Amino acid sequence: MTHHSIRNSALRGLTALGLILAVISPNVAVAQAQEQYFGIPSSRVGPYSAMGTGYYGGIIDYLNYVNMKFGGVNGVKLTWEECETEYNAARTVECYQRLLTKGNQRMVVFDTLGTPGAYAVINRMEPDNVVLAQYGYGRTDAADGTVWPWVFNAAGHYWGQVAVQLGYMAKKEGGIDKMKGKTVVHLHIDSAFGREPLPAMREITKQWGVRLIEIAVPPPGLEQQSQWLQIRREKADWVTFWGAGSGMNSTAITNAARVGFRRDRMIYVSFGGAEEDMVPAGPAAKGTFVTANAVPGKFPLIQDIQKVVYGAGKGNLQDPTRIGSVYYNRGVGAAAMWVEALKNAQRIANKPGKTVNGKEYRDGYEALDISEAKLKEIGIQGMLGPFKMSCAKHDGSERFRVMQWDGKKFVLVSDWEAAPDPAYIRKLIEESALKYATENKITPKKCS
Amino acid sequence: MFYREAGQYADSYAKDRQLLPLRQDKLGMMVILAIGFIATPIWASDYLLSALVIPWLILALVSLGQNILMGYAGQLSLGSAGFMAVGAFACYNLILRVPGIPFIGAVILSGLIAAGIGILFGLPSLRIRGLYLAVATLASQFFIVWCLDKFGWFKNYDTSGIINAQAIVIFGQTMNTPAEKYLVVLVIVGLMTWMAANMAQGSIGRGWMAVRDMDVAAETMGLSLLRTKLMAFAISSFYCGVGGALFLFAYLQTVEPATFNIEFSFRILFMVIIGGLGTILGPFLGSAFILLLPIFLNIMFHAIFGQAVDATIASALETVIFGVLIIVFLIFEPLGLARLWQITKERLRLWPFKY
Numbered sequence: 001m002t003h004h005s006i007r008n009s010a011l012r013g014l015t016a017l018g019l020i021l022a023v024i025s026p027n028v029a030v031a032q033a034q035e036q037y038f039g040i041p042s043s044r045v046g047p048y049s050a051m052g053t054g055y056y057g058g059i060i061d062y063l064n065y066v067n068m069k070f071g072g073v074n075g076v077k078l079t080w081e082e083c084e085t086e087y088n089a090a091r092t093v094e095c096y097q098r099l100l101t102k103g104n105q106r107m108v109v110f111d112t113l114g115t116p117g118a119y120a121v122i123n124r125m126e127p128d129n130v131v132l133a134q135y136g137y138g139r140t141d142a143a144d145g146t147v148w149p150w151v152f153n154a155a156g157h158y159w160g161q162v163a164v165q166l167g168y169m170a171k172k173e174g175g176i177d178k179m180k181g182k183t184v185v186h187l188h189i190d191s192a193f194g195r196e197p198l199p200a201m202r203e204i205t206k207q208w209g210v211r212l213i214e215i216a217v218p219p220p221g222l223e224q225q226s227q228w229l230q231i232r233r234e235k236a237d238w239v240t241f242w243g244a245g246s247g248m249n250s251t252a253i254t255n256a257a258r259v260g261f262r263r264d265r266m267i268y269v270s271f272g273g274a275e276e277d278m279v280p281a282g283p284a285a286k287g288t289f290v291t292a293n294a295v296p297g298k299f300p301l302i303q304d305i306q307k308v309v310y311g312a313g314k315g316n317l318q319d320p321t322r323i324g325s326v327y328y329n330r331g332v333g334a335a336a337m338w339v340e341a342l343k344n345a346q347r348i349a350n351k352p353g354k355t356v357n358g359k360e361y362r363d364g365y366e367a368l369d370i371s372e373a374k375l376k377e378i379g380i381q382g383m384l385g386p387f388k389m390s391c392a393k394h395d396g397s398e399r400f401r402v403m404q405w406d407g408k409k410f411v412l413v414s415d416w417e418a419a420p421d422p423a424y425i426r427k428l429i430e431e432s433a434l435k436y437a438t439e440n441k442i443t444p445k446k447c448s
Numbered sequence: 001m002f003y004r005e006a007g008q009y010a011d012s013y014a015k016d017r018q019l020l021p022l023r024q025d026k027l028g029m030m031v032i033l034a035i036g037f038i039a040t041p042i043w044a045s046d047y048l049l050s051a052l053v054i055p056w057l058i059l060a061l062v063s064l065g066q067n068i069l070m071g072y073a074g075q076l077s078l079g080s081a082g083f084m085a086v087g088a089f090a091c092y093n094l095i096l097r098v099p100g101i102p103f104i105g106a107v108i109l110s111g112l113i114a115a116g117i118g119i120l121f122g123l124p125s126l127r128i129r130g131l132y133l134a135v136a137t138l139a140s141q142f143f144i145v146w147c148l149d150k151f152g153w154f155k156n157y158d159t160s161g162i163i164n165a166q167a168i169v170i171f172g173q174t175m176n177t178p179a180e181k182y183l184v185v186l187v188i189v190g191l192m193t194w195m196a197a198n199m200a201q202g203s204i205g206r207g208w209m210a211v212r213d214m215d216v217a218a219e220t221m222g223l224s225l226l227r228t229k230l231m232a233f234a235i236s237s238f239y240c241g242v243g244g245a246l247f248l249f250a251y252l253q254t255v256e257p258a259t260f261n262i263e264f265s266f267r268i269l270f271m272v273i274i275g276g277l278g279t280i281l282g283p284f285l286g287s288a289f290i291l292l293l294p295i296f297l298n299i300m301f302h303a304i305f306g307q308a309v310d311a312t313i314a315s316a317l318e319t320v321i322f323g324v325l326i327i328v329f330l331i332f333e334p335l336g337l338a339r340l341w342q343i344t345k346e347r348l349r350l351w352p353f354k355y
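If you read the sequences in order, they're chains A and B. The C-terminal residue of the first sequence carries number 448 in this note's numbering, and the numbering is unbroken. The C-terminal residue of the second sequence carries number 355 in this note's numbering, and the numbering is unbroken.
For reference, chain A alone in the conformation it holds in the complex:
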């Protein structure tokens, strides 16, 4: 390249930069009043792309569906903006800041689909008046609404989930007293997400007299040979698996097969237990258990989305065969909660057909009362567990269904299972939240 052309390209680069700056400068156009804006921090590339495309695809499809089928919520059109996080905490913060305002509209809810991202933004929620809707992941003690008024966990959290898994093991072994002396390995990716269930797990296993072995896998988790050899050496009876990304999740299965560990003694976390995680492992995956907070299947709503949204050629998934899969249905569930919360917010703030602000939306989310009848009305009865939130109780259905991979699809092997001792989990949550409040000089909110 000659000097001349270098200068030319530099000039061209400057022009492009100017264009970009013009694009990101605040949009001054006045938006219509009857719109509710949502920020969507998706993760469509990288090791977690299967999860991101399914989950955020479900969310966008549902928002589209509400607009197309009902003309929005009481006439309020739903709008959204997407931003790519690559499942990276720093990029999530950038996306959060970018999505926070659009024109004169303000984001009211944020869903990072990832514990590291949730931790990175969790302290910005209260000052910015944004709801952090952790849908089955994230900071567990945020389930205590007195300390975390702006954070919710409508699809359960990891402490409840690991308790359900331990309860299921006890059931299989023939009772909690039979668990004494058994060895459970918690095999997890070495991150905040992987360690999240440990506080509850340590307490419960101590109570039951179970030997707990914690084994960490450094990210990205594609190398697990020594860990599985250790599992064999320790003669583990059960493995709870907290993996992230289909690569790591399928690798665990193939390694288990190699050392001869029974797959029907492995329980996967909801977060990494989907079709995309089982299929790459091939026939070895048969028998693996997964706890689910949103069950796969073509529920009436899912069928209707397929008809209305995909029928009009507006579907978000590239591969329509993924409609009704685990991640997709979970995304639809998450968006259904957004929309129900919006309905509540409009009702409580007495603003039917109007845009609500962050405070009003928070009250609406806290007022979520998802009964069986409500689930049926939405068209997802059986897909999610029913629950009711309150000022202090910010966790949703603390129940999970256990599924088993039969080589082709998931088979439900249990009903909605609660933790063996839910009150005890709640006690742990309140203790942890109180410790956080004391350390950070937060006065817990009064919930009378």
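I should point out that these hints are in silico values taken from the structure, not numbers from a laboratory. Remember, predicted model here, so these are calculated numbers, not experimental data. Hints may contain errors.
[Stated by the list, open to error] Just the calculated beta-carbon pair ranges, DEER-fashion:
#1 A:Val411 <-> B:Gly116: 53 to 63 Å
#2 B:Arg97 <-> A:Pro320: 54 to 64 Å
#3 A:Asp264 <-> B:Phe151: 51 to 61 Å
#4 B:Ala139 <-> A:Leu222: 17 to 27 Å
#5 A:Glu439 <-> B:Ala139: 25 to 35 Å
#6 A:Gly209 <-> B:Tyr157: 20 to 30 Å
#7 B:Ile104 <-> A:Gly282: 53 to 63 Å
#8 A:Lys172 <-> B:Gly116: 46 to 56 Å
#9 A:Lys172 <-> B:Gly105: 51 to 61 Å
C-beta atoms are modelled at their ideal positions from N, C-alpha and C, and glycine is treated no differently.
Using the hints, position chain B against chain A.
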């Protein structure tokens, strides 16, 4: 025409050794400082400050540290994110456990702690060179992150193994808004860049470059290899440590040890290489390229195509374009972006003539 030095004489050694001897450079620097200290805090939006400018400055500081070690002293090292972790966790623990410690004091101390550990891991450089040294310094990266992960004390026994930055308090003033944090970062980064430029130009920097170009020759000329190399390691780690502390306190606010993984170290390495090895300007350009370009691409794609193009394809395309741009830059300008500025300066000097 614009960059002519004609008529500008140095009539003393002090003037001859100035950092910015040319009137044009001085003027340019004043404009940059005015933009940085006055215009940006007033006019930039919170998004621009807290999501783009603050991380850019911090990563530029860290890459500057990496450049001191790699570009100036020629010691290929891969542990910069590890030293950032040392700085971040040291600063958190100092403020947590030492009552009444001022924020700036804690930042400087965390830099010094990182420097101490840097010296320790720099010791192998006395025996091994080049790629082999890079492999040896990998140990620091893994050891530091493992150590912070393993021992709960560093994280004040947090159940999830993460730390939350305390508020930045300077002279009783809490720095809460993005503009305030930006100014803290800008002052620290500005001062440390000025120090680095001075070191690079002075005897210390000449010592580093002598060692880089041929260490045996440098030794025969009376340079102590031990001192020069370890000083490069210490100063580089100091920069990384301060950068890490700022990364936690002024930017992310919440980190876990895994944030500072090997991939992060590689990103810093790329920033230095793309920016330009052995330059002060390079790290600033390189970190802008690696950090900001993917974000700009993402914004551009959303602005231009909106929802017309499938979001998954758009996201993948951004990554592809970013990768292609890296290759293009390395082919056409292997000396880095800083070299482009140099060429531009030369062209401006000759303008309107071609040569």
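We went through each hint and held it up to the structure:
As the Cβ distance of Val411 of chain A to Gly116 of chain B is approximately 58 Å, the hint placing it in 53 to 63 Å holds. Checked against the given bound of 54 to 64 Å, the beta carbons of Arg97 of chain B and Pro320 of chain A, roughly 56 Å apart, stay inside it. Restraint check, Asp264 of chain A to Phe151 of chain B: a C-beta distance of roughly 37 Å breaks the suggested window 51 to 61 Å. Roughly 21 Å separates the CB atoms of Ala139 of chain B and Leu222 of chain A, a value that falls within the hinted 17 to 27 Å.
Distance hint check: the CB atoms of Glu439 of chain A and Ala139 of chain B are about 34 Å apart, consistent with the given range 25 to 35 Å. For Gly209 of chain A and Tyr157 of chain B, the Cβ-Cβ distance of about 25 Å falls inside the hinted range of 20 to 30 Å, so the restraint holds. Taking the beta carbon of each, Ile104 of chain B and Gly282 of chain A are about 57 Å apart, inside 53 to 63 Å as hinted. The hinted range of 46 to 56 Å is satisfied by Lys172 of chain A and Gly116 of chain B, whose Cβ atoms lie roughly 53 Å apart.
Here the CB-CB span from Lys172 of chain A to Gly105 of chain B is close to 57 Å, well matched to the stated 51 to 61 Å.
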